[in-house]
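With the hints as constraints, model all of the structure from the sequences given.
2 protein chains.
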Amino acid sequence: MTAPREKSKPLKVALAGAGMISWYHLVGWRNLGARVRLVAVCDPDAAKGARRAEEFSIPRVYRDADAMFAAEAIDALDVASPRETHAGWVEAAAARGIDVLCQKPMTPTLAEAEALVRRVEGKLRFMVHENWRFRPWYRELKRWIAAGELGEVLLARIAMISSGMLPDESGRRPAFERQPFMQHEERLMIAEVLIHHLDVMRFLCGELSVVGARAARTIADVRGETVAAIFLETAAGAPVDVMGTMAAAGYPTRPPDRLEIVGTKASAAFADSELRLLGPSPRSQSYDKDRGYQGSFDGVIAHFVDCLESGAPFETDATENLATLRLVEDAYRAAGLPGPHKGV
Amino acid sequence: MTAPREKSKPLKVALAGAGMISWYHLVGWRNLGARVRLVAVCDPDAAKGARRAEEFSIPRVYRDADAMFAAEAIDALDVASPRETHAGWVEAAAARGIDVLCQKPMTPTLAEAEALVRRVEGKLRFMVHENWRFRPWYRELKRWIAAGELGEVLLARIAMISSGMLPDESGRRPAFERQPFMQHEERLMIAEVLIHHLDVMRFLCGELSVVGARAARTIADVRGETVAAIFLETAAGAPVDVMGTMAAAGYPTRPPDRLEIVGTKASAAFADSELRLLGPSPRSQSYDKDRGYQGSFDGVIAHFVDCLESGAPFETDATENLATLRLVEDAYRAAGLPGPHKGV
Numbered sequence: 004m005t006a007p008r009e010k011s012k013p014l015k016v017a018l019a020g021a022g023m024i025s026w027y028h029l030v031g032w033r034n035l036g037a038r039v040r041l042v043a044v045c046d047p048d049a050a051k052g053a054r055r056a057e058e059f060s061i062p063r064v065y066r067d068a069d070a071m072f073a074a075e076a077i078d079a080l081d082v083a084s085p086r087e088t089h090a091g092w093v094e095a096a097a098a099r100g101i102d103v104l105c106q107k108p109m110t111p112t113l114a115e116a117e118a119l120v121r122r123v124e125g126k127l128r129f130m131v132h133e134n135w136r137f138r139p140w141y142r143e144l145k146r147w148i149a150a151g152e153l154g155e156v157l158l159a160r161i162a163m164i165s166s167g168m169l170p171d172e173s174g175r176r177p178a179f180e181r182q183p184f185m186q187h188e189e190r191l192m193i194a195e196v197l198i199h200h201l202d203v204m205r206f207l208c209g210e211l212s213v214v215g216a217r218a219a220r221t222i223a224d225v226r227g228e229t230v231a232a233i234f235l236e237t238a239a240g241a242p243v244d245v246m247g248t249m250a251a252a253g254y255p256t257r258p259p260d261r262l263e264i265v266g267t268k269a270s271a272a273f274a275d276s277e278l279r280l281l282g283p284s285p286r287s288q289s290y291d292k293d294r295g296y297q298g299s300f301d302g303v304i305a306h307f308v309d310c311l312e313s314g315a316p317f318e319t320d321a322t323e324n325l326a327t328l329r330l331v332e333d334a335y336r337a338a339g340l341p342g343p344h345k346g347v
Numbered sequence: 004m005t006a007p008r009e010k011s012k013p014l015k016v017a018l019a020g021a022g023m024i025s026w027y028h029l030v031g032w033r034n035l036g037a038r039v040r041l042v043a044v045c046d047p048d049a050a051k052g053a054r055r056a057e058e059f060s061i062p063r064v065y066r067d068a069d070a071m072f073a074a075e076a077i078d079a080l081d082v083a084s085p086r087e088t089h090a091g092w093v094e095a096a097a098a099r100g101i102d103v104l105c106q107k108p109m110t111p112t113l114a115e116a117e118a119l120v121r122r123v124e125g126k127l128r129f130m131v132h133e134n135w136r137f138r139p140w141y142r143e144l145k146r147w148i149a150a151g152e153l154g155e156v157l158l159a160r161i162a163m164i165s166s167g168m169l170p171d172e173s174g175r176r177p178a179f180e181r182q183p184f185m186q187h188e189e190r191l192m193i194a195e196v197l198i199h200h201l202d203v204m205r206f207l208c209g210e211l212s213v214v215g216a217r218a219a220r221t222i223a224d225v226r227g228e229t230v231a232a233i234f235l236e237t238a239a240g241a242p243v244d245v246m247g248t249m250a251a252a253g254y255p256t257r258p259p260d261r262l263e264i265v266g267t268k269a270s271a272a273f274a275d276s277e278l279r280l281l282g283p284s285p286r287s288q289s290y291d292k293d294r295g296y297q298g299s300f301d302g303v304i305a306h307f308v309d310c311l312e313s314g315a316p317f318e319t320d321a322t323e324n325l326a327t328l329r330l331v332e333d334a335y336r337a338a339g340l341p342g343p344h345k346g347v
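For the record, the sequence lines run as chains L and R. Residues 4 to 347 in this note's numbering are what the first sequence lists, from first letter to last. Residues 4 to 347 in this note's numbering are what the second sequence lists, from first letter to last.
Hints in this document: simulated from the structure, not taken from any laboratory. Keep in mind that a hint or two might mislead.
A pair counts as met if it fits within one copy or between any two copies, since identical chains are not told apart.
Okay, derived cross-link-like pairs now, EDC-like style, lysine to aspartate or glutamate, Cα gap no bigger than 20 Å in a straight line [claimed, not checked]:
{"#": "1", "residue 1": "268", "residue 2": "224"}
{"#": "2", "residue 1": "268", "residue 2": "171"}
{"#": "3", "residue 1": "268", "residue 2": "172"}
{"#": "4", "residue 1": "51", "residue 2": "155"}
{"#": "5", "residue 1": "126", "residue 2": "332"}
{"#": "6", "residue 1": "145", "residue 2": "320"}
{"#": "7", "residue 1": "12", "residue 2": "318"}
{"#": "8", "residue 1": "145", "residue 2": "115"}
{"#": "9", "residue 1": "145", "residue 2": "58"}
Below, the structure written as structure tokens:
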């Protein structure tokens, strides 16, 4: 526990980045009601910023970070901008003692993240917005595991198989309509998508290491890898398989994950939006996929604010999150994919 | 195509080994009707042999191989005895020019199998009874793949997760009641169970190599490993995951496999005894699990007899099957499990 800093009540928050994902952030902030106040939004695209400001009654819109920091008294910054801008935002906030909740991936590469964490250490409280593990079904499963209901993990597997990057009946590609940057991202399936699943498996099974990985680029006009599989082990040597693609013909465009964990006492499975405990005391719980999606944003944001108020450590503190980025980097290395190009 | 040898019509067949699995063999032979005739059964346990002889109207029962070979004119031998006796049976048959259909694993280790194949080469036709790939759903899926319906394989996964080695409500362990030798087998989950899945994935996806593997012994009075996962790649580098355990609390005791293959054109899934083609021209087919189980024995045995009659090569020729045994050996090595003990 670190002593909480002196903050405004309500907490004054600014949003950096007004793209697609910021909608879910802003709903999350709004759900905290009077505990927080969104004071400003900043995006180089003024129209995007203005739209979010109007939708969520945010008083001021900025295109430039310096202008925003000069004019506003901000307690916390929510960084939802493109990944290559994250470090700049975090450093600017750190220089002003503003705490940060920063979207994943913290930076495009592990090396940049490690350097960033070193540079800003002690200057701010810095949490990564890794929201997948905040999906309600994973929270519940984690409670089962923490309560010892599964015993030791013997084997685990998770898959995210969708058709999102393939043309639908109208010839449109839902994943790229939703998140256009994905089409041009050099590190795609592992660094952008399966990073979540690696983090979920760390969350559920404890620290992991990469045993092997394979990945491939399978769509001509998509820059990054579109198919990947990562084989890992727990600290005790139990196998963990993480597999995914968004280029699977015939699959839904955004299906929920499918997960299985076999433990020494009981097993658990999540499929078709239903979480099941299998074994001596079976039970199950159904979830609404879309509510769970928003719920994961709500959960992350509430956790950030709770920890700022209480001084408790963030579950996905930047330093903690480096372990997930290490798995991403190890997976690329194991798959024989080169590090990201710089320039040229 | 090798010229078919001169055989009796009907083909005179002897069965070596009258244990649990021989029932399914004998149903398979019986289903060939007048094309074959079971002339003898041989098992060191005379009662077991006599029981099968009675059930299937087999004229003579032997406890000793030499006695059987001396007394009977046999065209083909069906070896369903314990694995450590296979090589002896095959060599005895080879010495007499009797063709062999031999249960998997051909021998306890790859080295023994390679030596056996070298020793008997040219002396008999030698097929391995690797029946899993003869399950009707895998035959159908193979037809889809061979017809190019899936395109290139991008990613594949198969799992066999059951509770068969755990005590049921009456405290009995169904897997060991069914196949008692399993409890004492040194190489269990990979060499006995997932050997089938490795072979199925070779059958469906082409030659594979092992990237990594993990395995663990998790039941105190079970000698071999009870949990295993093997991460492989196709010749083109696509990831293939093979995972299994029979120690998963809450799972059925003998559930069918669950398989997914994502291809460049379409995907395929087998789950809940239903085979589905996913993509532009979706279709599906349901199977009866128990009929499919027997059907795989029928298919292997019919294939053996067809090839003896036509001279066509066996799909699971002993030499071909060495590739599956190599994956088994590579998986043990990758999992860090020692080779089988000899003596001591």
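Verification of the supplied hints:
no.	hint	verdict
1	268 <-> 224	between (47 Å within a copy, 17 Å between copies)
2	268 <-> 171	between (43 Å within a copy, 13 Å between copies)
3	268 <-> 172	between (46 Å within a copy, 15 Å between copies)
4	51 <-> 155	neither (48 Å within a copy, 41 Å between copies)
5	126 <-> 332	neither (27 Å within a copy, 54 Å between copies)
6	145 <-> 320	within (18 Å within a copy, 48 Å between copies)
7	12 <-> 318	neither (23 Å within a copy, 75 Å between copies)
8	145 <-> 115	neither (30 Å within a copy, 46 Å between copies)
9	145 <-> 58	neither (35 Å within a copy, 53 Å between copies)
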